[in-house]
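There are 2 protein chains.
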Amino acid sequence: MIYIAVLGYGTVGSGVVEVLERNKESIRRKATDEISVKYILDLREFPGDPYEDKLVHDVNLILEDPEVSIVCETMGGVGAAYQFTKLALERGKSVCTSNKELVAAHGPELLALARAHTCNYMFEASVGGGIPIIRPLNSALTAEEIESIEGILNGTTNYILTKMEKEGADFEEMLRRAQEKGYAERNPEADVEGHDACRKLAILSSLMLGKNVSVDKIHTEGISKITAADIRYAKEAGRTIKLLGISRRVGEKVQVMVAPFLVGPDNPLHAVDGVFNAVCVTGNMLGKSMYYGKGAGKLPTASAVVGDVIDCARHLGKVITCFWDEEEADYAGLEEVENRFFLRVKTGAEEAMEALFPQGKIVRFPDRKEDFGYITVSMKEKDFQERCGILGDTVCNTIRVEG
Amino acid sequence: MIYIAVLGYGTVGSGVVEVLERNKESIRRKATDEISVKYILDLREFPGDPYEDKLVHDVNLILEDPEVSIVCETMGGVGAAYQFTKLALERGKSVCTSNKELVAAHGPELLALARAHTCNYMFEASVGGGIPIIRPLNSALTAEEIESIEGILNGTTNYILTKMEKEGADFEEMLRRAQEKGYAERNPEADVEGHDACRKLAILSSLMLGKNVSVDKIHTEGISKITAADIRYAKEAGRTIKLLGISRRVGEKVQVMVAPFLVGPDNPLHAVDGVFNAVCVTGNMLGKSMYYGKGAGKLPTASAVVGDVIDCARHLGKVITCFWDEEEADYAGLEEVENRFFLRVKTGAEEAMEALFPQGKIVRFPDRKEDFGYITVSMKEKDFQERCGILGDTVCNTIRVEG
Numbered sequence: 238m239i240y241i242a243v244l245g246y247g248t249v250g251s252g253v254v255e256v257l258e259r260n261k262e263s264i265r266r267k268a269t270d271e272i273s274v275k276y277i278l279d280l281r282e283f284p285g286d287p288y289e290d291k292l293v294h295d296v297n298l299i300l301e302d303p304e305v306s307i308v309c310e311t312m313g314g315v316g317a318a319y320q321f322t323k324l325a326l327e328r329g330k331s332v333c334t335s336n337k338e339l340v341a342a343h344g345p346e347l348l349a350l351a352r353a354h355t356c357n358y359m360f361e362a363s364v365g366g367g368i369p370i371i372r373p374l375n376s377a378l379t380a381e382e383i384e385s386i387e388g389i390l391n392g393t394t395n396y397i398l399t400k401m402e403k404e405g406a407d408f409e410e411m412l413r414r415a416q417e418k419g420y421a422e423r424n425p426e427a428d429v430e431g432h433d434a435c436r437k438l439a440i441l442s443s444l445m446l447g448k449n450v451s452v453d454k455i456h457t458e459g460i461s462k463i464t465a466a467d468i469r470y471a472k473e474a475g476r477t478i479k480l481l482g483i484s485r486r487v488g489e490k491v492q493v494m495v496a497p498f499l500v501g502p503d504n505p506l507h508a509v510d511g512v513f514n515a516v517c518v519t520g521n522m523l524g525k526s527m528y529y530g531k532g533a534g535k536l537p538t539a540s541a542v543v544g545d546v547i548d549c550a551r552h553l554g555k556v557i558t559c560f561w562d563e564e565e566a567d568y569a570g571l572e573e574v575e576n577r578f579f580l581r582v583k584t585g586a587e588e589a590m591e592a593l594f595p596q597g598k599i600v601r602f603p604d605r606k607e608d609f610g611y612i613t614v615s616m617k618e619k620d621f622q623e624r625c626g627i628l629g630d631t632v633c634n635t636i637r638v639e640g
Numbered sequence: 238m239i240y241i242a243v244l245g246y247g248t249v250g251s252g253v254v255e256v257l258e259r260n261k262e263s264i265r266r267k268a269t270d271e272i273s274v275k276y277i278l279d280l281r282e283f284p285g286d287p288y289e290d291k292l293v294h295d296v297n298l299i300l301e302d303p304e305v306s307i308v309c310e311t312m313g314g315v316g317a318a319y320q321f322t323k324l325a326l327e328r329g330k331s332v333c334t335s336n337k338e339l340v341a342a343h344g345p346e347l348l349a350l351a352r353a354h355t356c357n358y359m360f361e362a363s364v365g366g367g368i369p370i371i372r373p374l375n376s377a378l379t380a381e382e383i384e385s386i387e388g389i390l391n392g393t394t395n396y397i398l399t400k401m402e403k404e405g406a407d408f409e410e411m412l413r414r415a416q417e418k419g420y421a422e423r424n425p426e427a428d429v430e431g432h433d434a435c436r437k438l439a440i441l442s443s444l445m446l447g448k449n450v451s452v453d454k455i456h457t458e459g460i461s462k463i464t465a466a467d468i469r470y471a472k473e474a475g476r477t478i479k480l481l482g483i484s485r486r487v488g489e490k491v492q493v494m495v496a497p498f499l500v501g502p503d504n505p506l507h508a509v510d511g512v513f514n515a516v517c518v519t520g521n522m523l524g525k526s527m528y529y530g531k532g533a534g535k536l537p538t539a540s541a542v543v544g545d546v547i548d549c550a551r552h553l554g555k556v557i558t559c560f561w562d563e564e565e566a567d568y569a570g571l572e573e574v575e576n577r578f579f580l581r582v583k584t585g586a587e588e589a590m591e592a593l594f595p596q597g598k599i600v601r602f603p604d605r606k607e608d609f610g611y612i613t614v615s616m617k618e619k620d621f622q623e624r625c626g627i628l629g630d631t632v633c634n635t636i637r638v639e640g
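Protein sequence lines correspond, in order, to chains A and V. Each residue of the first sequence is one higher than the one before, starting from 238 at the first, in this note's numbering. Each residue of the second sequence is one higher than the one before, starting from 238 at the first, in this note's numbering.
Hints may be right or wrong, so weigh each one.
Said to hold, decoys possible - Result set (DSS-like, lysine-lysine): computed pairs, CA atoms no more than 25 Å apart in a straight line: (1) 400/V to 525/A; (2) 525/V to 418/A; (3) 490/V to 261/A; (4) 525/A to 261/V; (5) 525/A to 535/V; (6) 291/V to 323/V; (7) 261/V to 448/A.
If you are wondering where the hints come from, they were derived from the structure by calculation, not from laboratory data. Given the structure is predicted, the values throughout are model-derived calculations rather than measurements.
Using the sequences plus the hints, can you model the full thing?
Right under this line is the structure:
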């Protein structure tokens, strides 16, 4: 029997307990032993809950119990979760988590602590919910030099953008409806301003490089400025707008950004709609491979945490290889990045556009007199920004073009 | 230093050597030791080849060298490859292979032999080339009960079908052009009649169940009867034709088949075009996840073999868990499977069709007088076949409809 503890009995924590219960038989077989929840830590009471007798309020009961070999940290945040994770690892207890904020902020430190105490810190659930993406990077694509990672890493924003495209609605309206359906939080900033995607990109980029990529080094833009008109122009140009996290090796450096992009049909991310997430990895031998699925939700996320628990159970007393050093990555600025760009521009600026951005392509609708769309040829970010400055408020919006 | 041997210096074997050379530094770091090719076994001579000095013709040199701890079997076939694999495993040497024919035919026996000698038999490259799909099933989706696997498992047929759709050409012409481009073999039967996809489905289904699924129990149809007209009707109905391998749990039994299907845009496999492969896995907690990439080719396949070598290097003297028993799976017949069906039928049979298959949908083109398309409502395979029998040669072709 392998005893585990669950820290935090919220959505994911209760999902972990549910997955362990519902797939009990096959999990026992795959873990080669039965996995039993001995404690559930939460500050709240859950009267009448079938696991009420496992509930404790003091983490020390768990930390001091030598029978507990694996801890699931499903609390979230970087306060108590950070402290409890360190205390557990120091006692040789493996920790499996869905807490992307903590992993992005302290991943290499916690991995080193786990190694030092011959246990494991596992975080498959922190990126892409139940989609296996950490394992492909850590243990499958090991013969590859990963050249880039490009992903739709946030389901809320992808849902909003997909709905805006399908229904021609504006951002504010779709956000409201996503909130009503429970696909967006009441305080949606972490999702819509790209911070959630940024944390996930920091984790993926760090695993790609083996060095640390910090959240505050990632250029991050959200989707709140995207309008129905932008999406309509993009569609007319054969493209769709997606919030992408992109991490690219440039020599010894790395370029990292989260921003909306116009994505064409040749990119496998083009067809990834609604609440789905997908991560596209380009390796120097394999080329592109893509991992796709529901990036959030109670049971998908919990399933990934339990998958990590099973791996820890198979590797008790052994360290599972994961390269993510504390050494900070060397960042390349965005100024030199070359992209095509989409601009929505006020009518009348046609000549100025063609002078500043020669050989671009105009997209126009007979029923829209106030503005037009324009797609430039490939150019450097710094040149683009400089020329946009000249146009001033004639430019209504600008979005990068992928590929 | 970890010494390995490569059996078979053909496309994949020479790719293995190339991947090890080109990504030497990062592979050394990930394997936590240098991996060195000590022998290459081939019956042929390769005068002037940079690895000429490693070339041997006698497998016993490899088998009897205690320094060799990992063997890459990239010979193919089930003759010598089978024999050499057994001999290597019996000596405690792990074997990594791309040989789907051998894995499908003798997987559980070779896995048991590896376990008995505390080494590993690894075959990530046998399905989907470089796309990680074996590891997601074996070590990531372990908290799931996998309910079904559905995949585009053969790049040659997907290339032909995609081209037929894009260019309106017939099967024979596109096959000829695929052969000219090197995407199809001179003897294309294994690909176009579905045997290659069948072997891969046998491997995936066995891992899904933990029991053995035999190639000869899989109902297998190829694509050679698909015409440009079928594809045109499918497209008009908003669907595309794909050769799918499908494996589905039905209670304690499993339904397995390889056949062309009409696939709609809601299925993520719909957008998988050209030489790309994709595998869609449905788990009871996670729902659908999909794994996508190039399913063949020298370097992608070799990259997967080398990924396995790295995993073996990390686990020398340890057994990596893989559930695939010799016990045969319990098969459910196809008769009870419910699908919708597409039929292409000679003009004049409209009334008969509506009598035999009520509530179906007719698809018609003004410029095609000789036949029409018809999509039935969902019905059992046995009822469908029975009613088709009544229509006799009025029916030009029938294809199942997915979803």
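Proposed proximity, residue 448/A with residue 261/V (alpha carbon, max 25 Å): Judged against 25 Å, a Cα distance of about 19 Å means the pair holds.
Satisfaction of hint between residue 323/V and residue 291/V, Cα-Cα up to 25 Å: 22 Å, holds
25 Å limit on alpha-carbon distance, applied to hinted pair residue 490/V and residue 261/A: Distance of about 20 Å is within 25 Å: holds.
Straight-line alpha-carbon gap residue 525/A to residue 261/V, limit 25 Å: Roughly 21 Å separates the two Cα atoms, so the pair holds.
25 Å limit on alpha-carbon distance, applied to hinted pair residue 525/V and residue 418/A: Judged against 25 Å, a Cα distance of about 21 Å means the pair holds.
Distance restraint between residue 400/V and residue 525/A, which requires alpha-carbon spacing of 25 Å or less: Answer holds: residue 400/V to residue 525/A is near 21 Å, not above 25 Å.
Hint consistency between residue 525/A and residue 535/V [alpha-carbon to alpha-carbon, up to 25 Å]: OK: residue 525/A and residue 535/V at ~15 Å, within 25 Å.
Hint compliance for this structure: every hint is met.
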